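Number of protein chains: 2
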Amino acid sequence: MLAASDPVWQAAAEHGLIDMHVDAASDYELVIRETGHRFVNMCSCSYLGLNSHPKILQGAVDALATAKSTSLSVSATRIRPNLSADLEDELGDLWRADILVGLSCSTLTSGILPLLAGGQLAEGGPRTMVFDRFAHFNLAHVKPICADESLVLTAPHNDLDYVEDVCRKHPRVAYVADGAYSMGGALPLEGLLELQDRYGLFLYIDDSHSLSAVGEHGEGYVRSRAELNPLTMVVASLVKGFGTGGAVAMLGDRGLVRLLRRHAGPVGWSQSPDNMVLGASLASAALHRTPELGELQRRLRDNVELFDRLVPTPHAGNDFAVRVVPVGEADRAIDLSVRMFERGYYCSAVFFPIVAKGEAGLRILLRADLPSKLVTDFASSVTTESMA
Amino acid sequence: MLAASDPVWQAAAEHGLIDMHVDAASDYELVIRETGHRFVNMCSCSYLGLNSHPKILQGAVDALATAKSTSLSVSATRIRPNLSADLEDELGDLWRADILVGLSCSTLTSGILPLLAGGQLAEGGPRTMVFDRFAHFNLAHVKPICADESLVLTAPHNDLDYVEDVCRKHPRVAYVADGAYSMGGALPLEGLLELQDRYGLFLYIDDSHSLSAVGEHGEGYVRSRAELNPLTMVVASLVKGFGTGGAVAMLGDRGLVRLLRRHAGPVGWSQSPDNMVLGASLASAALHRTPELGELQRRLRDNVELFDRLVPTPHAGNDFAVRVVPVGEADRAIDLSVRMFERGYYCSAVFFPIVAKGEAGLRILLRADLPSKLVTDFASSVTTESMA
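So the protein lines, in turn, are chains Z and A.
My numbering puts the first residue of the first sequence at 1, with every later residue one more than the last.
My numbering puts the first residue of the second sequence at 1, with every later residue one more than the last.
Same shape as in the complex, but just chain Z (with noise of 0.2 Å):
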């Protein structure tokens, strides 16, 4: 894989498009500070502009004069500060859930998926593991670790049928997927569900694309359509729409949230976020529960669909912020890529192993925070570039 696809990450750098070093230079531009060149990042997964809101800023350096510290520097299975037990209060309130706050959704993941396999999270034991094939990294990372605990298999993206075969074979299955992908789309969960009613099936979701940005209190695209139940877990990131860092997992049980505080490994013995982190989660879950949510959650759709109207793509016209113009071959991509970024916009050319082989893309994320006259240029280049 590496091999394959260093180079051209190789050609992306030559071109300057991969780690790039910027600082802000507007509401809307980043800046880099060695050439002077000013861009709008079209691939920040803040889909509220959140992640730049005044209020949230404040509420991280609020909890730093109230903790007094950046962290207690002790495992959060044995001391946490009351602002960690306030935020999974605050959001367990409102997104009606037993919430454990964790560092990131990968180490979640990689602490809830092994126990989940080993059948210490729901009843019968051990649970063949199928993952969806375009499941994010984090969740396909775990699959060696889960395979110590239980059968792991593979599906084809959102092939329900796939899924029902392994149900009739086994006789405990999770499935392990996305709710929104990261590049567009998202899993059957009305299908799921039934499939979870008729064998039993475990859903373990990473709804990370969609929290904040989709649900009345955004609680994300899964659970504005389902409840929890004891088979059905949902992960979010809080570094992207929710504006701040950190994850949760969304539990339908404390006792799940106690056994998983000492058992799922890194939740316990890693990192967990920070004071200042924290601050700003609380402060952003406070935001979530007045108006100005569905103010910012109205102009992201309104971005999508005026995007949509003018550049058709793949995905237009669904729920989601993830739009990307199919290109063919890596080369392309980045060819295209290049001179957007000479327009003045970041979208990053996406290629092996993030997608298929030859199927080379721009991808582009709308926001909430970029003005309608910004969109409209922006779909104006990528048109003229993209026939180019």
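What the hints contain is simulated information worked out from the structure, not anything from laboratory work.
Among the clues, some could well be false.
Here are the in silico distance ranges between beta carbons for each label pair [to be verified]: (1) Z:229 with A:291: 56 to 62 Å; (2) Z:170 with A:165: 37 to 43 Å; (3) Z:16 with A:230: 47 to 53 Å; (4) A:161 with Z:229: 49 to 55 Å; (5) A:165 with Z:253: 47 to 53 Å; (6) Z:65 with A:286: 19 to 25 Å; (7) Z:159 with A:326: 51 to 57 Å; (8) Z:25 with A:286: 21 to 27 Å; (9) Z:253 with A:28: 33 to 39 Å.
Which chain Z residues face chain A? A few, computed with CB under 10 Å, are given here [what the hints assert, rightly or not]: (10) 2; (11) 6; (12) 30; (13) 36; (14) 37; (15) 41; (16) 50; (17) 60; (18) 82; (19) 83; (20) 85; (21) 124; (22) 141; (23) 241; (24) 262; (25) 280.
Keep in mind the model is a prediction, meaning the values are calculated, not measured.
All C-beta atoms, glycine included, are put in the ideal place defined by N, C-alpha and C.
Position chain A against the provided structure of chain Z, taking the given hints into account.
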């Protein structure tokens, strides 16, 4: 493992000794909000007290003013704030290394070790991976992922003969261990460097428990005794002695930094340290250049020597701040921890799987920011209660 350890965690929980939620009370004390009970945390890994240093807290605040966001919410492989690049430069200069900053040691290690096992980080192809039996959880957690790439073995603790035997039988070997162990003691560095000379043994060392606390510029135990070379890599957490958050890999080659940023799994696709932590870290790096570092290290050594004079423990006299009072069975360790807590000191009961069964104990971490009077009173309490 879960079935064996959960009853002991539960016993600790019933005594209020785990999942404590606290506020800051004074320079030395924490307080439990619900009960008002005040205590000194004798298990903080912030060995120099830098987690509450005013300059370091100010660094976090200043970074928010500069960066105007919590983070860029984009893969660090693609775009990073100058705060991150500046931190890598600063720490590289301070510690004579090429530096890769990451979210945590777990994140760095779970990205790096599979590449090392697969033969991507040094000449000659895949390597047999030998993990010390006491290597920290975050290292051992990645064994199954490494096992997809090559043979994985577990060595008895600090057993150079075992490692040499593997080197004789296998063409390429990597040894994975802690520098200073989290339960006390260190690795046999000289012997390992001899094996490196003789057999080309790769050394991958997590030196989190000695960073900042040891070395002229806080470079840690291993780096204060050994230069980097193409067969030596050190990772260390910045949340302990350094006082902030995130982690670093110290490498002997800038090309390796580039390779890891692109291909070391979660280093690219998971979160990276937030702007507040980067700002705090730049402030801590600056402090590491001043005489204050040596002064704090001296105060830490004084406190450790004072404690060692008053309470003999197996690791008394060594260079580190970790001491364990052996107790035997887990229930006795919990009982002792309960009585110390009543006296106003939190020391954690450590038991299986943190240590071997029947070898439970009371874990104590000394710090620079404890007045010597407090250390004396604490030692006297340990003596009284451990004889009770």
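Against the structure, the hints come out as follows:
1. Taking the beta carbon of each, residue 229 of chain Z and residue 291 of chain A are about 60 Å apart, inside 56 to 62 Å as hinted.
2. For residue 170 of chain Z and residue 165 of chain A, the Cβ-Cβ distance of about 42 Å falls inside the hinted range of 37 to 43 Å, so the restraint holds.
3. Against the hinted window of 47 to 53 Å, the Cβ-Cβ separation of residue 16 of chain Z and residue 230 of chain A comes to about 28 Å, which falls outside the hint.
4. With their beta carbons about 54 Å apart, residue 161 of chain A and residue 229 of chain Z fall inside the hinted range of 49 to 55 Å.
5. At about 48 Å, the beta-carbon gap between residue 165 of chain A and residue 253 of chain Z stays in the expected band of 47 to 53 Å.
6. Here the CB-CB span from residue 65 of chain Z to residue 286 of chain A is close to 22 Å, well matched to the stated 19 to 25 Å.
7. Take residue 159 of chain Z and residue 326 of chain A: their Cβ atoms lie about 55 Å apart, and the range 51 to 57 Å holds.
8. Separated by about 25 Å at the C-beta atoms, residue 25 of chain Z and residue 286 of chain A satisfy the suggested range of 21 to 27 Å.
9. The hinted range of 33 to 39 Å is satisfied by residue 253 of chain Z and residue 28 of chain A, whose Cβ atoms lie roughly 38 Å apart.
10. Evaluation of the residue 2 of chain Z hint against chain A yields a held restraint, the C-beta minimum of about 5 Å falling below 10 Å.
11. Taking 10 Å as the C-beta cut-off, the interface hint given for residue 6 of chain Z holds, the closest approach to chain A being about 7 Å.
12. Satisfaction of the interface hint for residue 30 of chain Z is found here, the shortest Cβ-Cβ separation to chain A being roughly 7 Å, below the 10 Å cut-off.
13. Because the closest C-beta pair between residue 36 of chain Z and chain A is about 13 Å apart, greater than 10 Å, the hint is violated.
14. The beta carbon of residue 37 of chain Z is not positioned within 10 Å of any beta carbon in chain A (closest approach about 12 Å), and the interface hint is therefore violated.
15. Hint status for residue 41 of chain Z: holds, given a least beta-carbon distance of 6 Å to chain A, under 10 Å.
16. Because the smallest distance between the Cβ of residue 50 of chain Z and any Cβ of chain A comes to about 8 Å, under 10 Å, the interface hint for this residue holds.
17. At its closest, the beta carbon of residue 60 of chain Z sits 6 Å from a beta carbon of chain A; the interface hint therefore holds under the 10 Å criterion.
18. About 5 Å separates the beta-carbon of residue 82 of chain Z from the nearest beta-carbon of chain A, less than 10 Å, and the hint is met.
19. A cut of 10 Å between beta carbons decides the hint on residue 83 of chain Z: the least distance to chain A is about 9 Å, and the hint holds.
20. A hinted interface residue such as residue 85 of chain Z counts as satisfied when its beta carbon comes closer than 10 Å to some beta carbon of chain A; here the least separation is about 4 Å, so the hint holds.
21. Because the closest C-beta pair between residue 124 of chain Z and chain A is about 16 Å apart, greater than 10 Å, the hint is violated.
22. For residue 141 of chain Z, the shortest C-beta to C-beta distance to chain A is roughly 6 Å, which falls under 10 Å, so the interface hint holds.
23. For residue 241 of chain Z, the shortest C-beta to C-beta distance to chain A is roughly 9 Å, which falls under 10 Å, so the interface hint holds.
24. This hint holds: residue 262 of chain Z has a C-beta 5 Å from the nearest C-beta of chain A, less than the 10 Å allowed.
25. Satisfaction of the interface hint for residue 280 of chain Z is found here, the shortest Cβ-Cβ separation to chain A being roughly 6 Å, below the 10 Å cut-off.
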